[in-house]
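J.: Each chain, letter by letter, is given below.
Number of protein chains: 2
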Amino acid sequence: MLSDRALAAFRSALGADRVFDDAATRAVYACDETPRRVEPDAVLFPTSHDEVVALARIAFEHRIALTPRGAGSGNVGGALPAPGSVVVSFECMRRVLEFDPANRLIVVEAGVVTGEIDRIARSAGLFYPPDPGSSTYCRIGGNLAMNAAGPRAVKYGVTRDYVLGLRAVTGSGQEIRTGCRTTKGVTGYDLSRLLVGSGGTLALITEATLKLLPAPEAVATLRVCFNSNRAALDAVSRVMQQAVVPCALEFMDHRAIDAIRPTGAADDLPPGTRALLMVEADGAAEDVPRQIAALEQALAGDGLLGMKSGFERDEITLLWTARKSLSHAVKQIAPLKINEDVVVPVSQLADLVDFIDHTAHAHRLAVVSFGHAGNGNLHVNLMVHPDDADEMERAHLAHDAILLRVLALGGTLSGEHGIGTEKRRFVDREIDPPTLDLMRAIKLQFDPHGLLNPGKLFPD
Amino acid sequence: MLSDRALAAFRSALGADRVFDDAATRAVYACDETPRRVEPDAVLFPTSHDEVVALARIAFEHRIALTPRGAGSGNVGGALPAPGSVVVSFECMRRVLEFDPANRLIVVEAGVVTGEIDRIARSAGLFYPPDPGSSTYCRIGGNLAMNAAGPRAVKYGVTRDYVLGLRAVTGSGQEIRTGCRTTKGVTGYDLSRLLVGSGGTLALITEATLKLLPAPEAVATLRVCFNSNRAALDAVSRVMQQAVVPCALEFMDHRAIDAIRPTGAADDLPPGTRALLMVEADGAAEDVPRQIAALEQALAGDGLLGMKSGFERDEITLLWTARKSLSHAVKQIAPLKINEDVVVPVSQLADLVDFIDHTAHAHRLAVVSFGHAGNGNLHVNLMVHPDDADEMERAHLAHDAILLRVLALGGTLSGEHGIGTEKRRFVDREIDPPTLDLMRAIKLQFDPHGLLNPGKLFPD
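In order, the protein sequences belong to chains A and B.
Quick note on numbering that gives the first Met the number 0: the first sequence kicks off at 0 and runs consecutively.
Quick note on numbering that gives the first Met the number 0: the second sequence kicks off at 0 and runs consecutively.
A portion of the hints provided could be inaccurate.
Since copy identity is lost for identical chains, a pair holds within one copy or between any two.
[As the list claims (entries may be wrong)] For lysine-lysine, the following DSSO-like pairs were computed, each having C-alpha atoms within a straight-line distance of at most 30 Å:
#, residue 1, residue 2
1, 442, 330
2, 442, 210
3, 442, 323
4, 154, 210
5, 210, 336
6, 210, 330
7, 307, 442
8, 307, 323
9, 323, 154
10, 330, 307
No lab work stands behind these hints: they were computed from the structure.
Turn these sequences into a full structure, and let the hints guide you.
T.: Right, here's the structure in full:
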């Protein structure tokens, strides 16, 4: 339990109205999007970098574990409080410190909502490419911790690719500045990218200098229906072997399509549709039709049932209906979702989906797969009833089998959700012992007492 | 001096024909492109990852410092042997281990020539974007160590952006594998990007998995002449504030143009040309003319003297004559080049060039500036006579003043050459003490006895 002395120190540093240890607040901050719950001892709401320095120094002095938290919208328990820890919520650090369109950069505090960054950028003809599904409410600090991405990653890359520099506070309360303000720079080690994706285990990121790009003038969408997963994924391979890089290349398998049928969102799909691709192109208005024509040509092939294109906003929204209704529809299948975020080389995706199908069948499980096929990134959702012990046992067997297959196919455990609590037991199957030892050794340099987000990322 | 026992151990591990300690070999490997010379005790030529592991273990056991070396084409003494060290040349590790066009990746040993990677990629309609000026002879291992770039960085980014994964050997002879084979991945810390740009001080990179992109179908070039540096750099700012991102945006100042006049390469420039931009666009053949038109519009403005475009290979080659003749011409000005590689935010570039002009004048120095203006990356060359003590003194004063100005403008010491021996005394002006301490602490985890490329990157 947090000592009175520590609590008083936090209150003195942040102000009494920024430190909560009441039951209601602790309950609210007990979980992220994973089903687990652990109540923290208290929740802190710093409002500036300096306050984060102050609280980190108090935590260091009193040996208090800290659980950093953005919006709590993560899928892997990254913001799940460690027992006895104090949550550091970045919600109140949402200032845009600088917007410099001439140099295509923005400097934001860690609590700024990701979509807000994009909105500001667009006001000057620029945009912020990473577009996680939660972008209307997730915070950039969480995106940086997990190296978040989204559909546009196939063309534009992930959060890591847009970080020029960071301001952060280590586990011993040291302030550090990483990177620079320019698009090139090789002075010292690249600590920015070491912090990105480290899940809050190395330092508390307080401010980020982000790179922006010119906003594409136009976008157009193709909804492409196939009679089988393999037909759709063969088309993905063809798309990734020609020159036009789409700005989205999303896949839904037949179980995902079945899931949305009750909502009516599949009503206008051609009969026999067993897999669906959403393909987008963006760029100059004059050039997008050329890109779409090239993509249509690459997509055409065995098993194609129909292709619809949309160039106007309303048409595009309509085409996305099936995909957008998926998240809600999946939740109707079973109360609990065991959510994977695996990646394999694009050419192996069809084999992986076959294997998942086979595994789901063998273990009598409902498994819905969809994801960012252009990156080989598949969200595999095992839909289960937590009270059904037998089903849960089968789900865990299937889950392990799928992860092993991913690694055997040359893949990785996580594309954009991170490791958190949920996947850490598999990490040493992907990373060899000396490399993992080095990561642990690096962790100790930033956080000698292991106070930053304990119980995450590393296997026990 | 290297002990007989150590020498015998190296010979036993690599074979006698891969270990040289004769005077001639040691003399050849005593320098890179910087004027300094230090003869190593021996030169090793491993032919595989396993041999690098073996030699690193021998070096660890005998506490022998290692100086890794690609082609020795670096500009900052990165491959300059530390006194008493043994050079590890990667020249004999030039196997392409895998080329997988379907997944847009290539796996190469560290000694493969960078241009060779691009050549192989293009055989399958792909390309490797980073294009350092030395790409016909530099080795990918050196590019990875320094995070090399080139003109295309303005559109396509730097070496760091194309690394999916690495195989490497630490200073204690541990083998590590970083990253993955896919374009997304967030399992564990991003050690790949920690190694990229670390100048060989953390680990010996033996193999790299690199990302490739679809090759642009067409390219077109603009050579744009202005009556002043400021007019040219204002045009750069305008280009970087519209939507078409050029694949090259190179600048030459008036002293650079003066330097090429004796060669005849400036003969067809409009009279009064005092600054020159080379601007390129690439993409689909149908789309490049649209890009060029947009770029021409952005480039037009005060001080423009003339703009020539080229769409065919011969025209393009001709337009690049002035720029390509620069490197050789500059060497005629004075025997020694003090070569900077600074970066400032693009909007500050005109101020920096003004300051350099003023400083050159005040110190009576010949300073030639050119570079990758789209990234704000300027190569500043102070041309001096090393025997002229007074001039050398003035050059060092000017050099210091320029670097301080770069930092004051929000810039960084190096964009693509790295730090090596030549810039390390300035590093602590850019990186604050706690951040630098962390870098040193990280270094110790990889290399506990400080055997990997000692005397580089960190200030004393």
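J.: Determine for every hint whether it applies to the structure shown.
T.: Hint check:
1. 442 with 330: neither (37 Å within a copy, 47 Å between copies)
2. 442 with 210: Classified as both; 27 Å inside a copy, 28 Å across copies.
3. 442 with 323: neither (39 Å within a copy, 47 Å between copies)
4. 154 with 210: Both: 16 Å inside a chain and 13 Å across chains, each within 30 Å.
5. 210 with 336: neither (35 Å within a copy, 33 Å between copies)
6. 210 with 330: Answer is neither: 36 Å inside a copy and 36 Å across each miss the 30 Å cutoff.
7. 307 with 442: Answer is neither; intra-copy 50 Å and inter-copy 54 Å both fail.
8. 307 with 323: Answer is within; shortest intra-copy Cα gap is 17 Å, inter-copy 49 Å.
9. 323 with 154: The answer is within: 20 Å in one copy meets 30 Å, while 32 Å across copies does not.
10. 330 with 307: Classified as within: same-chain Cα gap 28 Å, cross-chain 60 Å, threshold 30 Å.
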